[in-house]
Structure formats: structure tokens, C-alpha cells
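Asks: Please model the entire structure based on the sequences and the hints provided.
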Amino acid sequence: MAREQLVVLNALDVAKTQWYHFTAIVIAGMGFFTDAYDLFCISLVTKLLGRIYYTKPGAPKPGTLPPNVAAAVNGVALCGTLAGQLFFGWLGDKMGRKKVYGITLVLMVVCSLASGLSFGSSANGAMTTLCFFRFWLGFGIGGDYPLSATIMSEYANKKTRGAFIAAVFAMQGFGILAGGIVALIVSAAFDHRFKAPSYHENPAASLAPQADYIWRIILMFGAVPAALTFYWRMKMPETARYTALVAKNAKQAASDMSKVLNVEIEVEEEKVQRIAQEPANSFGLFSKEFAKRHGLHLLGTTSTWFLLDIAFYSQNLFQKDIFSAINWIPPAATMNAIHEVFQIAKAQTLIALCSTVPGYWFTVALIDHLGRFFIQMMGFFFMTVFMFAIAIPYHHWTLKPNRIGFVVMYSLTFFFANFGPNATTFVVPAEIFPARLRSTCHGISAAAGKAGAIIGAFGFLYAAQNTDPKKTDAGYPPGIGVKWSLIVLGVINFIGMLFTLLVPESRGKSLEELSGENADENDGEKQTTSPRTAPV
Numbered sequence: 001m002a003r004e005q006l007v008v009l010n011a012l013d014v015a016k017t018q019w020y021h022f023t024a025i026v027i028a029g030m031g032f033f034t035d036a037y038d039l040f041c042i043s044l045v046t047k048l049l050g051r052i053y054y055t056k057p058g059a060p061k062p063g064t065l066p067p068n069v070a071a072a073v074n075g076v077a078l079c080g081t082l083a084g085q086l087f088f089g090w091l092g093d094k095m096g097r098k099k100v101y102g103i104t105l106v107l108m109v110v111c112s113l114a115s116g117l118s119f120g121s122s123a124n125g126a127m128t129t130l131c132f133f134r135f136w137l138g139f140g141i142g143g144d145y146p147l148s149a150t151i152m153s154e155y156a157n158k159k160t161r162g163a164f165i166a167a168v169f170a171m172q173g174f175g176i177l178a179g180g181i182v183a184l185i186v187s188a189a190f191d192h193r194f195k196a197p198s199y200h201e202n203p204a205a206s207l208a209p210q211a212d213y214i215w216r217i218i219l220m221f222g223a224v225p226a227a228l229t230f231y232w233r234m235k236m237p238e239t240a241r242y243t244a245l246v247a248k249n250a251k252q253a254a255s256d257m258s259k260v261l262n263v264e265i266e267v268e269e270e271k272v273q274r275i276a277q278e279p280a281n282s283f284g285l286f287s288k289e290f291a292k293r294h295g296l297h298l299l300g301t302t303s304t305w306f307l308l309d310i311a312f313y314s315q316n317l318f319q320k321d322i323f324s325a326i327n328w329i330p331p332a333a334t335m336n337a338i339h340e341v342f343q344i345a346k347a348q349t350l351i352a353l354c355s356t357v358p359g360y361w362f363t364v365a366l367i368d369h370l371g372r373f374f375i376q377m378m379g380f381f382f383m384t385v386f387m388f389a390i391a392i393p394y395h396h397w398t399l400k401p402n403r404i405g406f407v408v409m410y411s412l413t414f415f416f417a418n419f420g421p422n423a424t425t426f427v428v429p430a431e432i433f434p435a436r437l438r439s440t441c442h443g444i445s446a447a448a449g450k451a452g453a454i455i456g457a458f459g460f461l462y463a464a465q466n467t468d469p470k471k472t473d474a475g476y477p478p479g480i481g482v483k484w485s486l487i488v489l490g491v492i493n494f495i496g497m498l499f500t501l502l503v504p505e506s507r508g509k510s511l512e513e514l515s516g517e518n519a520d521e522n523d524g525e526k527q528t529t530s531p532r533t534a535p536v
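Start counting the sequence shown at 1; every next residue gets the next number (the numbering used here).
Accuracy of the hints is not assured; some may be wrong.
[As the list claims (entries may be wrong)] Label pairs and their calculated CB-CB ranges:
id, residue 1, residue 2, range
1, 117, 57, 25 to 35 Å
2, 194, 470, 33 to 43 Å
3, 284, 194, 57 to 67 Å
4, 117, 26, 26 to 36 Å
5, 264, 508, 20 to 30 Å
6, 389, 106, 39 to 49 Å
7, 398, 59, 20 to 30 Å
8, 470, 95, 28 to 38 Å
9, 212, 258, 50 to 60 Å
10, 189, 354, 17 to 27 Å
[Unchecked claim] Here are the simulated lysine to aspartate or glutamate pairs, EDC-like style, with alpha carbons at most 16 Å apart:
id, residue 1, residue 2
11, 16, 368
12, 248, 278
13, 98, 270
Keep in mind the hints are simulated off the structure, nothing from the lab.
Computed from a predicted structure; not experimentally measured.
Glycine included, every Cβ here is placed at the ideal spot set by N, Cα and C.
Replies: Here it is in C-alpha cells:
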């Protein structure tokens, strides 16, 4: 039998959707908007960085980043994010969600600005400082994952909790879209003001000196949305679940939520102390009890996020290379440096607008109706189908009459990533673990995802290279080609379907019911797994 819920937590569970829910979504969501902007905007400017710092006089094609530099520039923020997810996830359970939330935001603002102020005019100086600041930018971004998800899950009611957490994550789509729009505006303005011939016509003149400002402006703009939300982030009260169940301060929890909900809430000091002393609410992350109750759940959330991000990040970070391969972006030598940024931004913006953003909001609309498990399984299934549909007849899609068809198929894989596992892998870890370990376990799950992202980002750079050594990018060994790279990603998506079977359904239940925190000891066995069905 389940123990009676604390009044303050029950009040949150049954609260009608009201203004504070939307405030929390915006405050947490703007952090995610910034996260996505900062992580993905680098793919818009890497070609420009190659032209500015690595073009050799007399070369037939513009310069590109050497393999080791490209891997570092693309991947260093992901490495920082992985470290930040583990560290700030743990810290969020030790110090509280709110205290750590401000630290991550300050780090993001400072490092976004510093990324555009890379020191020195030499390639080594600029790239070294860019990588240094993007690592620490990623470290701050990493903290935002477990904290935003945990805060939103602990503020939400149980009826629409999935939609609220998914709405925070959906701001990532707007962040990716904003990156493309900012790059379009900046590159169009510079292209209009500083006319330059194509590289083919005049290699030296094709790179306007002012182009060096473009990548700096695009990277630094990421500080703006984060800075705008700092005041409101600091005014948010600590979540009642942390205050009551972890800090064990019933009076403060009741006081904070009375103000948020505009109702009088009873202080239950004795009940809080009694719950805290239960063995079910004292086991640690590395205990046998945690392994018994939540071990398979943690394996499910980490493995599915890991597999999803291999596919998602390799597609997203390198979509400009795929567009070039099918000639959707003209050959680099036929454009000047600034116009190339415009073309890459246009392609990324179109994909974000047509598939990435809609996919997120389909999840928001349907997650509390269809359930997390169904959406994740469906998403992995269709990602597998569309990836194989692109990869197997790959030559067909490279032919000029079929390019629009390719873009549609490619967009559909993004749509079902976001109306699928990219959203649900973020939502579920914030719901199914105990309050004292919730931020830590979400951080571990997210870090597994970023490990997959690093494999996708670094591995795809090499794997997607042409099998013919004469057709590879400068400095790269031959790879398996785009076709076989996409086939590998399709297989990874299929494996993601299998590991989804370990992920419990959390729709319609309170967080304490899911984690076993309000279960009697003799009922503990029933809390080790969660059924696929949920109350309607």
C-alpha cells in the first residue's frame, strides 16, 4: 500500500495548470534555448573558420579545418557538457536545485562572450582559446540539463507533467532555429556591405577581412537570452520536493508553495521526519537497494540516450556536409566566404523550421496522451525506417531531380527524433528516480547521451569521408562514405528500440509513486518496476 502523500506535494500534483507553470517553463526553457544555440551554432561557422585560418595561397579549394582542429572545435563543448552534467547533477542533489541553477547560467553567459573574443591572430592562438572557452561553456550547459528537467518535474502537476518537461526541452528547437536565423541576418548584412568575388574568381579577395567578425558575433549572441533570464531564475523558490524530502525542512516547503499556489498549506514536520527515516528513503546511488529498485531503469535511460545522441548529433552537426554531398549547398569554390555561411545557415534554418521545431511540439501536445514509452518506441522505429530509406538507395538521392525528396526524407528523420526519443530521453529520467538522487541520475543519463554525441560528432567526421582517397577532405583518411555511415546510424536506432523496453511508463503518476518514496516497506518490491500502463 502507498503511504499518504505529504500535503504540500499532493497540492502540487493536483494543482490546475496556472501562471507559475508557464513562468517555470519560460525560465527553464530559455536556458535550453541558449544551450541549443550555443552547441549547434558552431556548425554554422566551421567552414568560415577554415577559410580564415587555413586557406593556403594558390590552393584550388578554400581552406578547411584540419581533422584534429575540426574534431576539437566541434567536440570540445560536448566534452564540457558531459562533465557539467555529471558534476552539476550531483551538486543539484547536494546543494539544492536553485543555488546551482544560478552558477550554470553565469558560466554560460561569460563563456559565450569569451568564445567570440578568442585571442591572437594566428590559427593556433584563435583555435586554442576558442576551444578553451567552449569547453567551459559546455560545462555550464551541462548543468542546465539535470537542473532544468528536475525543477520542472518537481513543480509540475502529475496530469500534464510530461508536457511541461517536454516544453522546456522543446525550446532547444527554437535555439537551433535562432542560430540559423542569426547567422542568416549577420551573413546577409555583411555580404551586402562587403562585396566579394567567389573563390574561383579571386581566391584572395573572396575572403573579406570583415568576415572575421561574423563567427564572433554569431557565437557571442548566445549570451543574450541567458542573461535576460538571470533575474527570474534567481527569484524562483527552491522546489518543495527538494526542501521537504532532501533538506527535510517542512516549514520552508509549505511556506514556499503557499506563495506559489496561493493556498494555505499545512506544515507536516513530523511526517517529513518519519519519511526521512524510512530505509526506502535512505539508500545511496551505489547501494544494492538502488540497483534492485532502479538499476534497470538507469540502464534504460542511459543506453537509449546514448544511442539516440550518436545519431542525432552526427546528423545535426554535420548536416552541412550532407547537403554539400548532394549539391544542395554549392561547391565552396563557387562562393565567397560570407555567402557560404549564408547558404549553410539557410539549409539548417529550413530543416529546423520544417522538421526539428514541429517534432518537439508534437511531443509536448501528445506525451501525456500517448505516453513516454509509445512515443520513444515509435520515434526510434521511424528514425530507423527513414535512415535506411535514405541510405540504401543513396545514389538515387544525390541525383538532381531527387534532391527535394532527399531533404524531405532527411527532415522526417529529424521530425521523429524530436517527436520521439530526443524528447522522451530528457523527460523520463526526471520522473522515475528518488528526489535525493533525481538530479544525479538525470545527469548520468544525460552524460551518457553526450558520450554518444561525442562518438557521433568525432566519428562521423572520419566515417563520412569518401572511400576514394582523392575525394576526401584535406587531411582526412578515406572513410566508409555517407551511405554506409547512414546505414550504421540506422542500425544504432534499431538497437535503441530494444533498449527502450527497459524504460518504464511514467504517465499519470506522482513522482513519489514512481520512485517508491511513498511506499510502505512491505510494498517496496512493487516499486522496483513500473507498468507500461498508466491511469487515465
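Asks: None of the hints should be skipped; say for each whether it holds.
Replies: Hint-by-hint comparison with the structure:
no. : hint                    : verdict
1   : 117 <-> 57: 25 to 35 Å  : holds, 28 Å
2   : 194 <-> 470: 33 to 43 Å : holds, 34 Å
3   : 284 <-> 194: 57 to 67 Å : holds, 60 Å
4   : 117 <-> 26: 26 to 36 Å  : holds, 29 Å
5   : 264 <-> 508: 20 to 30 Å : holds, 27 Å
6   : 389 <-> 106: 39 to 49 Å : holds, 45 Å
7   : 398 <-> 59: 20 to 30 Å  : holds, 26 Å
8   : 470 <-> 95: 28 to 38 Å  : violated, 56 Å
9   : 212 <-> 258: 50 to 60 Å : holds, 55 Å
10  : 189 <-> 354: 17 to 27 Å : holds, 25 Å
11  : 16 <-> 368              : holds, 15 Å
12  : 248 <-> 278             : holds, 13 Å
13  : 98 <-> 270              : violated, 25 Å
The structure shown violates the earlier hints numbered 8 and 13.
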